[in-house]
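S.K.: Residue numbers (the working numbering), protein chains in the order written: chain W, 10 to 267; chain X, 307 to 650.
Think of the hints as simulated: they come from the structure by calculation, not from any bench. Just so you know, even glycine gets a beta-carbon here, dropped at the ideal spot from N, CA and C. Hints should not be assumed to be uniformly reliable.
Sample of chain X residues lacking proximity to chain W, with all beta carbon distances greater than 12 Å (derived) [what the hints assert, rightly or not]:
| hint | residue |
| --- | --- |
| 1 | G321 |
| 2 | V345 |
| 3 | R361 |
| 4 | V445 |
| 5 | V464 |
| 6 | L517 |
| 7 | A519 |
| 8 | A526 |
| 9 | E536 |
| 10 | L542 |
| 11 | P579 |
| 12 | P593 |
| 13 | L611 |
| 14 | V612 |
| 15 | P634 |
Looking from chain W toward chain X, a few residues come up when the C-beta cut is under 8 Å (computed) [to be verified]:
| hint | residue |
| --- | --- |
| 16 | R84 |
| 17 | G100 |
| 18 | H194 |
Pairwise CB distance ranges, derived in the manner of DEER restraints [what the hints assert, rightly or not]:
| hint | chain 1 | residue 1 | chain 2 | residue 2 | range |
| --- | --- | --- | --- | --- | --- |
| 19 | W | R193 | X | E536 | 25 to 33 Å |
| 20 | X | S547 | W | A78 | 14 to 22 Å |
| 21 | X | A626 | W | A177 | 49 to 57 Å |
| 22 | X | G351 | W | Q118 | 39 to 47 Å |
| 23 | W | A78 | X | S643 | 38 to 46 Å |
| 24 | W | R244 | X | M468 | 30 to 38 Å |
| 25 | X | I637 | W | R252 | 53 to 61 Å |
| 26 | W | R126 | X | R455 | 48 to 56 Å |
Given next are the chains, with one letter for each unit.
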Amino acid sequence: MLQLKDLAVGYGPPRGVVLGNLSMTVEPGRFICVLGRNGAGKSTLMRTLAGLQTATAGRALLDGDDIAAMRPHSRARRIAVVLTERLNSPGMTVDDVVAMGRQPFTNWQGRLSADDRAIIASVLQQTGSTAFAARLFDALSDGERQRVMIARAMAQAPRLMILDEITAFLDLPGRVEVMSLLRRHAHATGNIVLLSSHDLDLSLQLADEVWLLDGAGAVTAGTSQDLIVQGHIGRAFDTEGVRFSADLGRFVLAPPAG
Amino acid sequence: MTVFARTAAGSAGLGAAVLACAIFALGWGMISVPAADVVQALAGGGDSLNGHIVRDIRLPRVLTAIIAGGALGIGGVLMQALFRNPMADAWSLGLTAGGQLGVALVVTAAAFAGPQAISFLQAFEGPSTTLGAMLGVAVFALLMMMVARRVSTVTLLVVGLMLGFTVQGIVSIVLHFANRVGGRVFSGWNDGTFANVQLADMPVLAAPVLLGALLALFNAKALTALLLGETYARSLGTDVSRLRRLTLAAVVLLVAPVTAFCGPVTFVGLIVPHFARAVAGTARILPLLPLAALSGALLALAADLVVHAPWEQHFLHLNAVLALVGAPVVIALLLFSRTMRGQH
Numbered sequence: 010m011l012q013l014k015d016l017a018v019g020y021g022p023p024r025g026v027v028l029g030n031l032s033m034t035v036e037p038g039r040f041i042c043v044l045g046r047n048g049a050g051k052s053t054l055m056r057t058l059a060g061l062q063t064a065t066a067g068r069a070l071l072d073g074d075d076i077a078a079m080r081p082h083s084r085a086r087r088i089a090v091v092l093t094e095r096l097n098s099p100g101m102t103v104d105d106v107v108a109m110g111r112q113p114f115t116n117w118q119g120r121l122s123a124d125d126r127a128i129i130a131s132v133l134q135q136t137g138s139t140a141f142a143a144r145l146f147d148a149l150s151d152g153e154r155q156r157v158m159i160a161r162a163m164a165q166a167p168r169l170m171i172l173d174e175i176t177a178f179l180d181l182p183g184r185v186e187v188m189s190l191l192r193r194h195a196h197a198t199g200n201i202v203l204l205s206s207h208d209l210d211l212s213l214q215l216a217d218e219v220w221l222l223d224g225a226g227a228v229t230a231g232t233s234q235d236l237i238v239q240g241h242i243g244r245a246f247d248t249e250g251v252r253f254s255a256d257l258g259r260f261v262l263a264p265p266a267g
Numbered sequence: 307m308t309v310f311a312r313t314a315a316g317s318a319g320l321g322a323a324v325l326a327c328a329i330f331a332l333g334w335g336m337i338s339v340p341a342a343d344v345v346q347a348l349a350g351g352g353d354s355l356n357g358h359i360v361r362d363i364r365l366p367r368v369l370t371a372i373i374a375g376g377a378l379g380i381g382g383v384l385m386q387a388l389f390r391n392p393m394a395d396a397w398s399l400g401l402t403a404g405g406q407l408g409v410a411l412v413v414t415a416a417a418f419a420g421p422q423a424i425s426f427l428q429a430f431e432g433p434s435t436t437l438g439a440m441l442g443v444a445v446f447a448l449l450m451m452m453v454a455r456r457v458s459t460v461t462l463l464v465v466g467l468m469l470g471f472t473v474q475g476i477v478s479i480v481l482h483f484a485n486r487v488g489g490r491v492f493s494g495w496n497d498g499t500f501a502n503v504q505l506a507d508m509p510v511l512a513a514p515v516l517l518g519a520l521l522a523l524f525n526a527k528a529l530t531a532l533l534l535g536e537t538y539a540r541s542l543g544t545d546v547s548r549l550r551r552l553t554l555a556a557v558v559l560l561v562a563p564v565t566a567f568c569g570p571v572t573f574v575g576l577i578v579p580h581f582a583r584a585v586a587g588t589a590r591i592l593p594l595l596p597l598a599a600l601s602g603a604l605l606a607l608a609a610d611l612v613v614h615a616p617w618e619q620h621f622l623h624l625n626a627v628l629a630l631v632g633a634p635v636v637i638a639l640l641l642f643s644r645t646m647r648g649q650h
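Only chain W is shown next, with the shape it has when bound in the complex:
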């Protein structure tokens, strides 16, 4: 269970607090999409929940333990992260990358036990990456890389998986595939999956719950249906030229003013 208690995320001056007074509870096994326009604070929130940056106020609790207060090593056993950044990892095979997810559980040598090996084989299979396990990570396409990075995070067997904008480089079928994979994973394992995305349509369809960042420092949580009906989506995303139609469930061109 993930609980946010009056959490505020952000930086020191001059940027200051980006999102404040966040209080919510997420039950195990939920697939959550975090939506908001660029600069609304998605990445800041995700990094804070991952323990990669400190909160400016309040706390985030995972199964009752303060994420910020966890020791790095035990946090790595409970929280896994996948980021947008494209990395070059010369010489790393896909198997090397996925095996990295078991690092928090191995001895000082990093020796993989038979159990570790079984977990790696299983996540490669679940993400459909078995076929290229022996290939070099750098030689993969964007979609394949994202699947491998997700496999790595799944190998970490985390209670909370945090994925920041990972679908940005993928085409539509690739995005559908990745998001339904994550949804299945959350439902099957009882782990919480938190995905930030630009992809409004898919997120509204697939998420168990949506966190909507309105761009003014507030976050609204709810099911897709509730958020649409109550007009929250429109308030967060509408511009002068485009508005979200609750009836159609998609964006339409706004009629010219006057």
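Got chain W; can you put chain X on it based on the hints?
M.R.: Just chain X now, with coordinates in the frame of chain W:
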């Protein structure tokens, strides 16, 4: 084959090759000693002339080549992981030049400080020049880490090499004055050689290298995580700034004594890690360490063999031989490796 099996088989093969090459090197030269007599001489027997040649003249050189080659091989693996740069190495990023500068400054300071300082330096030449080299390597390593934050892989390589050339020029000038004041001969120091180390110096060379190798061993797992980049390494529970400090310390311990005793030894640390990765079939750091150490030792021994061939008239020097092997490998990596080619 699993990574472990490939590493074990590779290490065994390389170890045997190093041993064979070492015994051959002990027998080879102006005066040829048969392998059987070499083994006898090493055991302390045999005739006294052979014993003198093998134990006193050739053994220090061969041991130095093995230790230095191994140290540079491990150092290369650490540097490439630390800088996340397949072209990184103590020499290519200018750390070796920093070490040379450190040594040159120690020698010059002693020369200008007067005869007592010189005699003190002569008595403790190994330790004092090693300390000078350590300081120089450390300062240049910190400098290059700051540069690395701002520039691409290839730019960093060019900056490192140019830094190296600059320092070599400075060192030549500094040593020119040191030579005149202190009467020491440093000509040819930029060529690199394994032949200037006495058996008595061996502990001063070997002890820091051993310490550096151990430090590398205990940080191998964390360094593997760093291959994914700093953020992922942190998310896997790695204390990245501590890891950087420890790895840097290991590089200093490995590279500085080699530079102090042998001068700049080029290319070994740059190309050996690529060979080790190919043999192990992985980029994970731990399996690379023994493979890089042994193949570094083998490369250093082989290059030294060419330099000391019986027909050699002292035109060939160590770095010329290493450049003949190493430079084409680097060119091939730049032209054909996916990662390097992909960077503009």
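S.K.: Run every hint past the structure and note whether it holds.
M.R.: Against the structure, the hints:
| no. | hint | in the structure |
| --- | --- | --- |
| 1 | G321 | holds, 20 Å |
| 2 | V345 | holds, 36 Å |
| 3 | R361 | holds, 38 Å |
| 4 | V445 | holds, 27 Å |
| 5 | V464 | holds, 18 Å |
| 6 | L517 | holds, 18 Å |
| 7 | A519 | holds, 15 Å |
| 8 | A526 | violated, 7 Å |
| 9 | E536 | violated, 10 Å |
| 10 | L542 | violated, 5 Å |
| 11 | P579 | violated, 9 Å |
| 12 | P593 | violated, 10 Å |
| 13 | L611 | holds, 29 Å |
| 14 | V612 | holds, 29 Å |
| 15 | P634 | holds, 19 Å |
| 16 | R84 | holds, 7 Å |
| 17 | G100 | holds, 4 Å |
| 18 | H194 | violated, 18 Å |
| 19 | R193/W / E536/X: 25 to 33 Å | holds, 31 Å |
| 20 | S547/X / A78/W: 14 to 22 Å | holds, 20 Å |
| 21 | A626/X / A177/W: 49 to 57 Å | holds, 50 Å |
| 22 | G351/X / Q118/W: 39 to 47 Å | holds, 42 Å |
| 23 | A78/W / S643/X: 38 to 46 Å | holds, 44 Å |
| 24 | R244/W / M468/X: 30 to 38 Å | violated, 56 Å |
| 25 | I637/X / R252/W: 53 to 61 Å | holds, 58 Å |
| 26 | R126/W / R455/X: 48 to 56 Å | violated, 37 Å |
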